[in-house]
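Undergrad: Single-letter residue listing:
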Amino acid sequence: MARRDAQKMPKSEVLKGTLDLLVLQTLTLQRMHGYAIMQHIKGLTDDALTIEPGSLYPTLERLQKRGWVTAHWETSPTGRDARYYDITAAGRRQLGEEREQFDRAIWAIGRVLGRV
Amino acid sequence: MSLLDALRYRSQALFKRAKFGRDAAAELEHHLELETIEQRRLHGSGARERAHRAVGNVTFILEERRAAAGMAPFYTLTQDLRYGLTVLGRRPAFAGATIVTMAVGIAAVATAFAIVDSVFLRPLPVPERPRLVRIFFQRPGGGARRRGLDAVRVLRSGAPALDEIVAHESRNVLQVGVGDRLIEQHGAFVSANYWRTLGIQPRIGRFFTAAEDSVLDRDPVAVVSSSFWDAELQRDPHVLGRRIRIGGREFVIIGVAPFGFDGIAVGEMPNDVWVPPSMARVGRLNCIGSPRCPVGDALGRLAPGASLQALRTQLRTVEPRLSAAAFPDDSVRHVTAEPAAGLSVAERADYVGLSRLLSAIASVILLIACANLSGLLVARGTARQREMAVRISLGASRIRLIRQLLTESLILAAIGGVVGAFASLWTTRGLMGFFVTDDEGFRHFFNLEVNARIVGLPLLVAGVSTLLFGIVAAFTSSRIEPADVLKTSRSGAGVQGVRIGSMLVSAQVALAILLLTAATLLMRSAASLMHAQQFNADRVAVLRWRPDLAGLEEARFEPALHQIVERLQALPEIESVAYRRCCNLVWSADPHGNAHVGLSATDTAAIADAQFVSPRFFSTLKVQTLAGREFTDGDREGTERVSIVNLPLARKLWGASIGPASIVGRALQIGSAETQVVGVVPDYQPRGAFTAAVPVVYEPYWQTVAGSDGDTRFAIRVRGDVTHDISLLMKTTGAVEPTVVTTEAMSMSSQIGARYVQLRLGEAVLAAAAGIALLLSAIAAQV
Chain A
1 MARRDAQKMP KSEVLKGTLD LLVLQTLTLQ RMHGYAIMQH IKGLTDDALT
51 IEPGSLYPTL ERLQKRGWVT AHWETSPTGR DARYYDITAA GRRQLGEERE
101 QFDRAIWAIG RVLGRV
Chain B
117 MSLLDALRYR SQALFKRAKF GRDAAAELEH HLELETIEQR RLHGSGARER
167 AHRAVGNVTF ILEERRAAAG MAPFYTLTQD LRYGLTVLGR RPAFAGATIV
217 TMAVGIAAVA TAFAIVDSVF LRPLPVPERP RLVRIFFQRP GGGARRRGLD
267 AVRVLRSGAP ALDEIVAHES RNVLQVGVGD RLIEQHGAFV SANYWRTLGI
317 QPRIGRFFTA AEDSVLDRDP VAVVSSSFWD AELQRDPHVL GRRIRIGGRE
367 FVIIGVAPFG FDGIAVGEMP NDVWVPPSMA RVGRLNCIGS PRCPVGDALG
417 RLAPGASLQA LRTQLRTVEP RLSAAAFPDD SVRHVTAEPA AGLSVAERAD
467 YVGLSRLLSA IASVILLIAC ANLSGLLVAR GTARQREMAV RISLGASRIR
517 LIRQLLTESL ILAAIGGVVG AFASLWTTRG LMGFFVTDDE GFRHFFNLEV
567 NARIVGLPLL VAGVSTLLFG IVAAFTSSRI EPADVLKTSR SGAGVQGVRI
617 GSMLVSAQVA LAILLLTAAT LLMRSAASLM HAQQFNADRV AVLRWRPDLA
667 GLEEARFEPA LHQIVERLQA LPEIESVAYR RCCNLVWSAD PHGNAHVGLS
717 ATDTAAIADA QFVSPRFFST LKVQTLAGRE FTDGDREGTE RVSIVNLPLA
767 RKLWGASIGP ASIVGRALQI GSAETQVVGV VPDYQPRGAF TAAVPVVYEP
817 YWQTVAGSDG DTRFAIRVRG DVTHDISLLM KTTGAVEPTV VTTEAMSMSS
867 QIGARYVQLR LGEAVLAAAA GIALLLSAIA AQV
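Each protein sequence line maps, in turn, to chains A and B. No gaps in the numbering here: position 6 of the first sequence is 6 in our numbering, and each next residue is one more. Start counting at 1 in the second sequence, then tack on 116, and there's your number in our numbering.
To be clear, the hints were calculated from the coordinates, so they are not data collected in a lab. Only a predicted model underlies this, so the values are computations on that prediction, with no experimental measurement involved. Some hints could be false.
Claimed, not checked - Label pairs and their computed distance ranges (CB to CB): (1) R516(B) to Q39(A): 56 to 66 Å; (2) A142(B) to Q39(A): 18 to 28 Å; (3) A142(B) to Q30(A): 13 to 23 Å; (4) Y199(B) to I109(A): 27 to 37 Å; (5) R516(B) to D46(A): 24 to 34 Å; (6) Y199(B) to D46(A): 20 to 30 Å; (7) Q30(A) to G137(B): 20 to 30 Å; (8) Q39(A) to G137(B): 22 to 32 Å.
To be verified - The list that follows gives simulated cross-link-like pairs (lysine-lysine, DSBU-like), each with its CA atoms no further than 35 Å apart: (9) K42(A) to K65(A); (10) K603(B) to K738(B); (11) K738(B) to K768(B); (12) K42(A) to K135(B); (13) K768(B) to K65(A).
All residues carry an ideal CB built from backbone N, CA and C; glycine is no exception.
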């Protein structure tokens with residue numbers, strides 16, 4: 001049931017303002033290429049959050065521009081050249097700040113909904 | 117990521133746009149491959165198509181990515197430029213006409229500006245240019261008055277805003293002897309700090325020291341220009357220590373000035389020799405060393421941090437001391453300082469008229485070009501209304517269309533601007549070429565090097581025209597209702613455009629006719645000046661013989677002059693020889709006159725120009741005497757003083773109704789001398805239609821020799837070709853007195869041409885402008 005509800009949820013609403021947070025958090029696990037980031041988030045949320053390439057790649061570009069991730073080409077285990085992304089120290093600091101903001105927002109929403 | 121990394125990212129995004137595109141596409145391709153594998157695992161067949169659907173619009177993703185990287189404006193600009201060039205390529209007539217129109221307008225404005233810049237604004241071409249100032253006594257009419265070395269000494273103690281003050285006399289004709297050759301060169305007498313103040317270093321050797329400028333006539337040391345070293349000394353590697361003669365005295369060359377340095381008298385003759393002021397007597401500046409000698413200009417250098425305003429305030433406090441040092445009376449003259457830019461203050465007056473004429477013509481051409489441009493853009497807008505309507509219907513935003521149209525205008529402006537800028541360099545040099553040689557054959561130098569202002573102005577004009585016309589046209593073209601335009605027939609939509617276009621063409625033709633009329637009037641005026649004068653300049657050679665530069669005494673130059681005339685007259689090529697003391701053969705030295713004349717010793721209120729002319733002077737120039745005779749060999753010192761008057765002087769003295777014949781035999785007082793009028797000549801001096809006639813009194817060359825320095829100008833009428841005979845004439849005069857230089861050799865026709873250079877130039881510019889205007893009108897009518 002929970003999974004079906006999550007799927008019905010408009011994805012853009014869920015992701016609004018949190019895509020940076022999700023991508024940065026994912027990259028703290030290990031360096032990944034774009035497809036792997038997308039698959040990781042999709043798998044972890046049982047397909048509740050599906051990030052479109054049209055959102056993912058511009059986001060990665062923006063994060064690079066801000067110095068929160070770096071990118072470089074490498075040969076993947078499948079033998080193909082892939083572009084891998086790494087979180088930087090500045091990215092980690094940013095992630096910390098964004099997590100705090102997110103937690104505060106969730107707490108505030110919970111209070112409004114009477115769940116906290 | 118450090119700041120350095122962020123900068124690297126941005127610069128890579130900016131400059132490696134192609135690599136960015138390739139990387140982004142490769143990454144998406146990799147994504148697509150992995151998605152295909154996933155789809156194959158989930159669904160088997162049709163995996164590639166499913167993967168494509170899952171990934172979405174690749175072009176859109178790439179554009180979004182470019183936008184995220186901050187590259188979108190560059191990308192769309194590239195797209196717009198590419199499309200703009202394609203569109204313009206499809207309409208070569210429109211593109212060509214617009215570029216020509218813009219180039220002509222820009223070149224006209226840039227040329228006028230370049231000349232105004234060169235004459236009034238351009239700093240001296242030396243390293244210390246920003247701090248250099250000219251200091252001079254202001255004349256009531258706005259001109260400058262230089263008042264010598266004493267005033268410079270006062271400035272040294274009374275103007276702390278200056279850290280250097282240079283005394284220089286940069287306009288001197290010197291007779292220079294190299295080996296057995298004599299040449300006339302322009303030299304400058306400059307204080308020892310001249311070089312340091314300007315910030316220049318010698319090419320070879322050294323400049324002179326303050327000690328070498330401390331005792332009158334003691335240190336004959338000279339610095340020569342690079343061009344003198346090249347042309348006259350054949351780049352002699354042992355030039356230092358070599359001896360040259362200046363004004364009859366031996367000088368030692370101690371240095372060569374840097375390449376291209378012509379001195380600081382821009383607009384005047386380039387300096388080839390620099391000598392300390394203590395040696396100025398070799399240039400006949402004999403008052404050097406005596407009080408209030410009015411020789412020498414002052415050039416100052418502002419101390420670091422000092423302002424021109426502070427200097428002007430200080431000058432006001434020392435004004436009385438400066439006046440006392442410079443002028444013999446006790447009145448106080450106004451002293452001022454201004455940045456050392458453009459031509460010297462004295463020279464500028466000659467170019468004010470030209471600058472105004474050029475500015476006026478440039479404005480008219482610009483006006484025509486603007487009308488043309490508006491017409492072309494209106495025509496383009498009308499022709500492309502359907503295209504715009506279709507693009508709007510397909511979803512293009514108005515902003516996108518405006519940006520596209522502006523990019524097209526920008527391309528045209530950029531090409532027009534570059535073509536116009538190049539054309540203006542050529543026209544500027546061409547126009548200033550009119551002034552490179554004066555009516556005495558002297559070369560003048562102008563600072564015409566390309567600077568940021570000269571390049572920037574055409575581009576600015578191009579930019580402003582784009583803004584003015586491009587934006588309006590873009591807004592008009594994009595502000596259409598697609599449905600209306602698509603429904604309306606083409607011809608219907610174009611009627612208004614055609615009407616505006618024909619109005620603009622009519623305006624252009626009217627302006628072109630105006631220019632053409634002005635050009636015709638000026639040409640007629642010039643033609644009457646050149647050909648309808650009352651003397652005949654054909655087959656007349658002019659020469660100047662300068663015993664004064666060689667310091668030749670009167671006792672020596674008088675027999676030498678007689679001998680020259682005899683030898684010249686003995687040549688079969690020569691028809692007749694005449695000469696005049698000092699000044700130009702057919703013009704007055706001073707338009708206001710220099711002699712007091714009248715009917716008696718107690719009545720000499722009238723002012724006339726006194727000219728000392730030889731026997732056969734008027735017959736050589738083919739000036740018809742209206743009454744009486746001209747001077748003969750018998751009019752010598754010790755005989756009865758005689759004079760000849762021109763008609764304007766005769767009318768001034770004896771009334772407008774008097775006949776020339778009745779004047780002959782009358783007494784005429786010239787200063788303190790009583791003379792008898794023996795002849796009357798017409799007013800043959802060439803002058804413009806609006807210039808008043810100059811009253812002239814002529815006296816015999818040999819009747820009052822005292823006071824003459826021997827400087828003589830010859831008019832020699834030859835039987836054949838003047839240019840062919842000039843070297844023979846120079847050889848003949850040079851053989852008589854080898855220590856005296858003969859200069860300014862040319863045909864009288866070229867001298868007159870050079871004298872009226874502004875008129876000839878105005879005529880040429882107006883004719884060219886009228887031609888351009890007609891061409892532009894023709895373009896507008898055709899496109």
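Undergrad: Determine for every hint whether it applies to the structure shown.
TA: Evaluation of the provided hints:
no. : hint                           : in the structure
1   : R516(B) to Q39(A): 56 to 66 Å  : 37 Å, violated
2   : A142(B) to Q39(A): 18 to 28 Å  : 19 Å, holds
3   : A142(B) to Q30(A): 13 to 23 Å  : 22 Å, holds
4   : Y199(B) to I109(A): 27 to 37 Å : 49 Å, violated
5   : R516(B) to D46(A): 24 to 34 Å  : 42 Å, violated
6   : Y199(B) to D46(A): 20 to 30 Å  : 47 Å, violated
7   : Q30(A) to G137(B): 20 to 30 Å  : 28 Å, holds
8   : Q39(A) to G137(B): 22 to 32 Å  : 25 Å, holds
9   : K42(A) to K65(A)               : 25 Å, holds
10  : K603(B) to K738(B)             : 81 Å, violated
11  : K738(B) to K768(B)             : 25 Å, holds
12  : K42(A) to K135(B)              : 30 Å, holds
13  : K768(B) to K65(A)              : 90 Å, violated
Going through the hint list in order, the structure does not satisfy hints 1, 4, 5, 6, 10, 13.
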